[in-house]
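Engineer: Residue-level listing of the chains:
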Amino acid sequence: MSVHRCLIVWLLAVFLLPMAASAGMGPMKTIQTRIDAAISLLKDPRYKDPDPDLAEKQHQELFEHVQDIFDFRTISMLATGRNWRRFTPEQQKEFADLFAKLLANTYISKVQENFRNEQVVYDEESIISEGRSEVRTRVLLSNSEVPVIYRLRHIQNEWRIYDVQIEGISLVQNYRSQFEEYLFRREPAELIQQMQGRITKLEKDRIQRRKEGKPLDPDAEEDMLKLL
Amino acid sequence: MRLFRAYPVIFFIVFFALAVPASAESYWDEDDDAFFSEIEAEYASAPGADIADPLERLNRGIFIVNDRLYFWVLKPTATGWQKVTPSPVRTGIRNAFRNLAAPVRVVNQLLQGKGKAATAETGKFFVNTIWGIGGLIDASRQLPSLQVPSEDFGQTLGHWGIGNGFYLVLPVLGPTTARDGVGLVGDFFLQPTTYTSGDARAWAGIKATEAVNATSFRIGDYEAIKDASLDPYTAIKNGYIQMRMKAVSE
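Top line first, the protein sequences correspond to chains D and G. Quick note: full-length UniProt numbering has the first sequence finishing at residue 228, numbered continuously throughout. Quick note: full-length UniProt numbering has the second sequence finishing at residue 250, numbered continuously throughout.
These aren't lab readings, by the way, just hints derived from the structure by calculation. On a predicted model such as this, the values are computed, not experimentally measured, just so you know. Virtual Cβ for every residue (Gly too), placed ideally from N, Cα, C. Don't take each hint at face value.
Said to hold, decoys possible - Chain G is faced by these chain D residues, among others (derived, beta-carbon under 8 Å):
1. G81
2. Q91
3. L103
4. F115
5. E167
6. Q173
7. Q178
8. E181
9. F184
10. I207
11. K211
Please model the complete structure; the sequences and the hints are all you need to start from.
Structural biologist: Rendered as structure tokens:
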């Protein structure tokens, strides 16, 4: 009996403690931990080599990381608003996954190519209502700073981001205006198809551009020369 | 017996261990309808979500012209400028233009009754002009008390309670609204660059330098917005309105 008990307690500790560590974290601590992890992934010396395959691998790793921080289902729900109910459950899931990919495809490669070891300042966290909170941060650029506000939802014992406000522009509100207009006359299936097409094109362009060694931003080229 | 007692515990462990790498559906639960109703109402009623766009067809046309202008003229010029000009020089030029526009901000701060901000802005102007070699260096950055939100005449009109009116896309200048368009005219007369030279060509040259230099810091931003959006016209319209709403409220 006691041996059994011991084993169970040990298993509990091993499996549940790492989760409890992230589950017990407040919204600001969660954001900070996750962003720090993303930054160390960006700075990882393994990826210093400007090899297109490596850059692609880093992209995928960052994407997986991002999926754990964001609540893409809530993001999709809010971005489509009252039209969300027109999606079948399968379409809802597909849409959430595609939306994640669309955002990741555009922004991850931009961050990969433009990251200059910028610092993030975590200012304060506040509660909006039960289970919802806001974390105010600032990204320090070389000669200006950009306020970034995250909105988080407490779900399954973890804080996940459902909206980001950069310089006062809410990501969700911005997509809402576009999806609202698109779905006014068209069906969710068409929107899903359109997004699928866009993502395929972006992925192809990205891989092609990396193969040709063309960075998005010529400044990145300059910095690479300096490193050499 | 013992096995049965342990069973729920094992089930518990397995369940949580599996739940950790959560995917979109596994963290979804029953409370969502309630959550959706609460938060959806909030987002639907967010101010500024909607702006009248009676000139949409014309606006979209000008939007396309501006888009072409960006890719064919502004971007190549700014890229070339970025290649031949070291970053500190470009930063210096940007700072100098910003410093020179101080009268616009000070007058608008005063018009909005923000005396403290106007004083700080004036102080910033003198610090940057004297210690920052005529504004080339943003020397005032070390003084947090001088950092106040920038104000323009569009914001002043907004502060006085005048709404956006309708959305407007101007050739070259880009997105604006009826109110902010009037604001642009007002600010034009407060810009020292308006009076620096007699003829229109010299003025256009100054403005072009300012625009090209400013763009050299932001190459790729517009492209990213376009790539990430379904309808860039709507995305930029909404972004502009949200940004201005925040600027007015500050």
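Engineer: Against each hint, give a clear statement of whether it holds in the structure.
Structural biologist: Cross-check of the supplied hints:
no. : hint : in the structure
1   : G81  : 6 Å, holds
2   : Q91  : 13 Å, violated
3   : L103 : 6 Å, holds
4   : F115 : 13 Å, violated
5   : E167 : 6 Å, holds
6   : Q173 : 6 Å, holds
7   : Q178 : 5 Å, holds
8   : E181 : 6 Å, holds
9   : F184 : 11 Å, violated
10  : I207 : 14 Å, violated
11  : K211 : 18 Å, violated
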